[in-house]
Amino acid sequence: MIDTIFHVVLVLAMPPLLLGVIGKTKAAFAGRVGAPFLQPYYDMGRLMKKGIVLSDSTTWIFRAGPVVTLAATLFAALLVPLGKHPAPISFEGDMILFAYLFALGRFFTTTAALDTASSFEGMGAAREVSFSCLAEPTLFFALITLTRLSGTMSLTPMLQHVTLPVWMGTGASLILLLAGLFVVLLAENCRIPFDDPNTHLELTMIHEVMVLDHSGPYFCCVLYGAALKLYLLGALFVNIALPFASGNAYLDWVVFAAGMLLLAVAIGVVESVMARLRLIRVPQLLVAALILTAFSLVLVVR
Amino acid sequence: MLFFDMMRDPAILVLCSIALAGCSGLPGLVLRDGTLGQRLASVAALTSSLLALPSLLYLLIGGGEASFLLNWNLPFGPCEVALDPLSLFFLIPIFLIFPAGSLYALGYWPAASHSSQRSVTFFYGLLACAMALVVVSRNGALFVMAWEIMALSGYFLLVAEHREGEVRGAGTVYLVASHLGGAALLVLFASLFMITGSFGFPAAGSLAVGAGLAATLFWLVLAGFGSKAGIMPLHLWLPSAHANAPSHVSALLSGVMLKIGIYGILRVISFFTERPLWWGGVLTVAGLGSAVMGICVASAQKDIKRLLAYSSIENLGIISAGIGMFLLGDGTGNQRLAFLGLAGALFHVLNHVIFKPLLFFCAGSVMHATGTRDLDRMGGLARRLPYTAFFTLCGAVAICGLPPFNGFASEMLLYLGFFGEARAGQPFVALGAPVLALVGGVAVISFVKLYGIAFLGEPRTAAAAEAHEATGTMLAPIALLACLALTGGLFPQLFLALVQPAMRVLAPGLARAAVLPIAPVWFALAGVSVICLAAILYLFLKAKTGGSAVSAPTWGCGYLRPSPRIQYTGSSFGAFFSSLSGSLIRTRITVGQVAGLTPAAVRLSYHPEETLLHRVVLPVLNVLGIGCAFVRRLQHGEVQIYILYIFVTLMLLLLWVH
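Chains A and B are the protein sequences, given in the same order. In this text, residue positions in the first sequence follow the working numbering: the first is 1, and each later residue adds one. In this text, residue positions in the second sequence follow the working numbering: the first is 1001, and each later residue adds one.
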């Protein structure tokens, strides 16, 4: 019970902090002080208090977009374990539901974008669906490798199986898998080099351009949902990358939270040292990630 | 008295409903009042299905079987007609979609505005009856006869608007393809006759043949039934046929007739005592290949019904892959794989029967309202057709295999099958999972496009701006199917209860021995939680912003003169993915030349091509046509000489026999 409460609190409260850490890291690289760590919380709080502007072209789909996406992501949050603590909901095949809940969110985000009749948002929606259908198989290759390693088909035992001895045995494969997952993590969460979350009006954008017309509490939902998605995919990554268990339950929560913050710093570093890719290079990088995870499977199978 | 006793037998009720379905269009042919004839046909269709569906479910769940012997004086021996679980299972789609389409046609294809209504109504009933006969017949000759009636009534339905050249072209391709498939079936049943000495079907699991003969039979099955089911590369007839038929006919063709091909494959497979392992490999690879190619080509379409047709190729590919998985599991003694493959395939059959007709009906309503099939000429229909828009959304989410709808539940079973193999000694079967994931991703492209471009945004043409909502008789079947789609997603055990008895025919013992690795309650829990969470969030946000919402034009990013023409179109939405998938999807771009100092308006248009048909098959057929020109002289329209041909052929055959 106490585990479930911790899980829910962490999942609800921590995601915007990652954005704050990423922002601070980037500021440090640029030699600036940067916004406070809690800036994303202030932003979201302010958005919640604002009114909204609805485009004349839109229907109820436009408002359903952020709502369904956030609802699906929130349910997905119950399926992924955090660190060495099992997820509140776990059953055979839950990782497929996990992946498909994100797809459900994507369906509604992109239809909401098309609802505005804006050419920019249509463009963003087309790019979003096109890229994610290359990212999806990568995630599934990674899940197959993990299924092969752990012999289970549920996220909690699958991820908790990855311990230090397993790393000793199949480290090469896990490194390839992590590389692929990291690329998917960046691509799915609109980070550089795929997309720039800070530019709001450029033709090379994907995710940000889809939400141009959302405002007020609905935009807050969009931002929070995006942060939560980053958190969940990040948790998947950290669970594999951090195979340590301290033995103490509370210390394990701290270790996990520290791991997530480290991941945020890593993303910030990547964003600081890289430029955004040209759009036509994005699919190539995604396919490269796909092949990396496929190799990781080959290494496990032999 | 005898009559009442007979009527108490559900099996006889089913046979009577089949006959009633076949006769449903007859009054319309003789009555002067076309509207009355059509109404009578709908009443007959509804009655037949109200009689048949409860009886079917009773027999299927109760484990009842029945067989009837028709002692005909025909040279191929007594005909058997039987209802076993597999037949009963495949009768459900017929008696679900046939009355739904019949009701839908009252508003969509009324006598008042369509002179072809009488023949369409007649052949519509005949098609349903012929499909049911195919499913219940247990005699090769009867099977082929029913198959031909099915194929031909499909042709006459498809060419309802035969004044348009495109429709006639589609009809010809359909006719050629279905007869090539039919020829393969003739050879198949003739070979079975050679082996067993009778046209009657061998009992399940009773046919033991050598490897060479089994291979021949398998390829014949694939050619004959696979072409009907639209497995690539035998799908050539399918897109244009589905696009050009009236929408309620497309629903029946795509929702049900393709499944008859699947039925054929399963029925013939059930004959064999031992099924070679490579059959499973071929079906899995062909199925996954069809699924990927079908959905990739669908993502490039801008014709709403062509898109749906290509997505049928994808779904039938998924079903074939499931059957292949079953054969692989069956061949290697892997019960889990066999169970998940077959259960997933049959479950997906039911699901596709629900959401594809739903989408075809919705596409029909859209065409009815706007007068075009071109997505790029629609837009903003969600305001004018709110109910159609809502149900299309349900169908689109379901067909993408997303929770909480039924498509997710069946794909989940297949995923579990593929994933489970990652732990086995031969983990290459697990590679099916990423392929399915890719298919799911591209399906999202296709259906976000279909829904977003047609229903959302601003109307692109005047016709779209003045569109009107469909009538009640059109919406009722759509609403029913949408409810079924949601039910299947939340309570998959209801659908699996229908699937389990049918599995017993193919793999006795499997349905009892293997258990579902996932408790169905998780589907209900996940679906209901997501729906409730979304509802709570929606109400919360609505309460928070209800009074303060300001209405304004869409932000044009600084551009001050927006027009509906700057919206993303269906072509542009799919173009980015098409550019990634290279030569698989070819688009012909026609663009005028800009000339002179004051050039006139120039138009640019995109036409997605059927690469295989236009680049490979048609050139080959053209060469063949030139080669066969001399044969054409035999056809000159003089009937007496045709009779002479028949006489001479008969004499030669008699001489040969003696």
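In case anyone wonders, no lab produced these hints; they're calculated from the structure. From a predicted model like this one, the values you see are computed outputs, not experimental measurements. Any given hint could turn out to be false.
[What the hints assert, rightly or not] Pairs of lysine to any residue residues, derived as SDA-like cross-links and limited to a Cα-Cα distance of at most 25 angstroms, are as follows: (1) A:K49 - A:V9; (2) B:K1542 - A:E208; (3) A:K49 - B:A1535; (4) A:K50 - B:S1548; (5) B:K1544 - A:Q39; (6) A:K26 - A:F6; (7) B:K1544 - A:R46; (8) B:K1544 - A:K26; (9) B:K1542 - A:K26; (10) A:K49 - B:A1549; (11) A:K49 - B:G1333.
[What the hints assert, rightly or not] Where chain B lies over chain A, by a calculated footprint (3+ residues, C-beta under 8 angstroms): (12) 43-57; (13) 62-73; (14) 125-133; (15) 209-218; (16) 223-236.
Glycine included, C-beta positions come from ideal geometry on N, C-alpha and C.
Verification of the hints:
{"no.": "1", "hint": "A:K49 - A:V9", "in the structure": "holds, 23 angstroms"}
{"no.": "2", "hint": "B:K1542 - A:E208", "in the structure": "holds, 23 angstroms"}
{"no.": "3", "hint": "A:K49 - B:A1535", "in the structure": "holds, 21 angstroms"}
{"no.": "4", "hint": "A:K50 - B:S1548", "in the structure": "holds, 9 angstroms"}
{"no.": "5", "hint": "B:K1544 - A:Q39", "in the structure": "holds, 23 angstroms"}
{"no.": "6", "hint": "A:K26 - A:F6", "in the structure": "violated, 30 angstroms"}
{"no.": "7", "hint": "B:K1544 - A:R46", "in the structure": "holds, 13 angstroms"}
{"no.": "8", "hint": "B:K1544 - A:K26", "in the structure": "violated, 35 angstroms"}
{"no.": "9", "hint": "B:K1542 - A:K26", "in the structure": "violated, 36 angstroms"}
{"no.": "10", "hint": "A:K49 - B:A1549", "in the structure": "holds, 13 angstroms"}
{"no.": "11", "hint": "A:K49 - B:G1333", "in the structure": "violated, 62 angstroms"}
{"no.": "12", "hint": "43-57", "in the structure": "holds (count 8)"}
{"no.": "13", "hint": "62-73", "in the structure": "holds (count 7)"}
{"no.": "14", "hint": "125-133", "in the structure": "holds (count 7)"}
{"no.": "15", "hint": "209-218", "in the structure": "holds (count 5)"}
{"no.": "16", "hint": "223-236", "in the structure": "violated (count 0)"}
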